[in-house]
Amino acid sequence: MLDKTQLIDELFVDVVAEMLNIGMGCAAASLSEMVESEVILSVPSVEFVSRDHVTEIISKRIQGDASGVIQRFNGAFWGDALLLFPEDQSLELVRAVLQNSISLDDLTEMQQEAMTEIGNVILNACLSSLADIFNNQILGEIPVFVKGPLHSLFNDNQQQDLIEDVVLFLNMDFSVKQKNLQGYVTFLMDINSVAAFKENVENIMAA
Amino acid sequence: MLMTEVNCLIVDDSRMSRMIVKRIIASTHPEWKIEEAGDGQEALDKASEKDFELILLDYNMPIMNGGEVAEILRPRFPEAKIAFLTANVQEAIKNKAIDLHIDFIPKPITEAKIKKYVG
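Protein chains in written order, with this note's numbering: chain A, 1 to 207; chain B, 1001 to 1119.
Derived from the structure by calculation, the hints contain no laboratory data. Be careful, since some hints might not be right.
Unchecked claim - No farther apart than 30 Å at their CA atoms in a straight line, the calculated lysine-lysine pairs in the BS3-like style are these:
1. Lys177/A <-> Lys1116/B
2. Lys1094/B <-> Lys1081/B
3. Lys1046/B <-> Lys179/A
4. Lys1033/B <-> Lys179/A
5. Lys147/A <-> Lys1115/B
6. Lys179/A <-> Lys1094/B
7. Lys198/A <-> Lys1115/B
8. Lys179/A <-> Lys1081/B
9. Lys177/A <-> Lys1081/B
10. Lys1115/B <-> Lys177/A
Claimed, not checked - Non-contacting residues of chain A with respect to chain B, defined by C-beta distances greater than 10 Å in every case (computed):
11. Glu56
12. Glu87
13. Arg95
14. Glu117
15. Asn120
16. Leu123
17. Ser128
18. Ser129
19. Asp132
20. Gly140
21. Ser175
22. Leu188
23. Ala195
24. Glu199
Claimed, not checked - Chain B stretches covered by chain A per the calculated footprint, using a threshold of three residues with CB under 8 Å from any CB of chain A:
25. 1021–1030
26. 1033–1040
27. 1044–1055
28. 1071–1079
Quick reminder that beta carbons are idealized off the backbone N, C-alpha and C, glycines included.
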């Protein structure tokens, strides 16, 4: 059994935070292009937490229901990438992206599909950037739209023993200037994936 | 610049993306015939019925990915303009486009990118 203390150290956290910065920089550029407005990024956070604790951390940022997209990824390392917004802001985001190109009725009808595609663009921009840094391919599965209480988004499909699993929690908050929008991008990787991820990081540093 | 009579095929599992691309192309070329496919198999079915001069292909799709579709469509339409139009902007996917002799347009979709590509 791998121990998290063997995996994480100050340098590793620093390198991972910088990679997340680069990945989210690409994601922010994509979002900025879509909403035609500046996107402001937070400082990345990198920590080991239990899956259960992830809900607690995010619920400090999102009160009430959330909506967004989850995309599973595989390859050199694996895990789940999540893009989440407070539910009451999701329609605003879709409106910001589609602007005046469709009617309000169509906007509501297409909210789910639009959110999925927005998530697809943002999460793939970030994952693609990480893949290129590692000179490796990451295979993203089809993104899935999610909506509801945070706890159900994170734990509904997990077996009880997995809920207490420790995961690497990478998170960055972003907001869209001039629009009242805040979103959260989170990556969750289990211990074995983190070990593979760390090996990739070490290869880069040794090169 | 493509010829006057153009049949276009937009392949994307996102209805929103298909809608935006279709609107952009139709705004500049209202005479072009634009068809949509929501997955790779539907694209192949449509391509077996008629010829296309312009094909825009998403990469990450259910059933068949854009690469698998392009492998079949490129030899079928050697003269067509074919491009991946995808959020998967990894070097590996860009290289795949080069190997398949097709173009690469990174998402997000913008009017400028689509107009520049279709002419």
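Original post:
Once the closest CB in chain B is found, is it more than 10 Å from Ser175/A?
Top reply: The assertion about Ser175/A holds, with a minimum of 18 Å to chain B.
Original post:
Lys1094/B and Lys1081/B: Cα distance at most 30 Å?
Top reply: holds, 16 Å
**OP:** Report holds or violated for chain A covering the segment 1071–1079 of chain B, Cβ cut-off 8 Å, minimum 3 residues.
**Re:** violated (count 0)
Original post:
Within the segment 1021–1030 of chain B, is the number of residues with a Cβ closer than 8 Å to a Cβ of chain A three or more?
Top reply: Not satisfied, violated; 1 residues make the cut.
Original post:
Can the segment 1033–1040 of chain B be counted as covered by chain A under the rule of three residues or more with Cβ-Cβ separation shorter than 8 Å?
Top reply: It is violated: at least three residues are needed, and the segment 1033–1040 of chain B offers just 0 whose Cβ sits closer than 8 Å to chain A.
Subject >> Least C-beta distance between Glu117/A and chain B, which was stated to exceed 10 Å >> reply: Its Cβ does come within 10 Å of chain B, the nearest being 4 Å, so this is violated.
Original post:
With d taken as the least Cβ-Cβ distance between Asp132/A and chain B, does d exceed 10 Å?
Top reply: Given a closest Cβ separation of 5 Å, the condition is violated.
Original post:
Can we confirm that no CB of chain B comes within 10 Å of the CB of Ala195/A?
Top reply: holds, 23 Å
Original post:
Would you say Ser129/A is clear of chain B, with no C-beta pair closer than or equal to 10 Å?
Top reply: violated, 8 Å
**OP:** Between the segment 1044–1055 of chain B and chain A, see if three or more residues pass the 8 Å beta-carbon test, and mark the coverage as holds or violated.
**Re:** Answer violated; 0 residues pass the 8 Å Cβ test.
Subject >> Claimed clearance of chain B by Glu87/A, with the beta carbon kept past 10 Å >> reply: holds, 19 Å
Original post:
CA of Lys177/A to CA of Lys1116/B, is that 30 Å or under?
Top reply: holds, 28 Å
In summary, the structure is inconsistent with hints 3, 4, 5, 6, 7, 8, 9, 14, 15, 16, 17, 18, 19, 20, 25, 26, 27 and 28 from the numbered list given earlier, while agreeing with the others.
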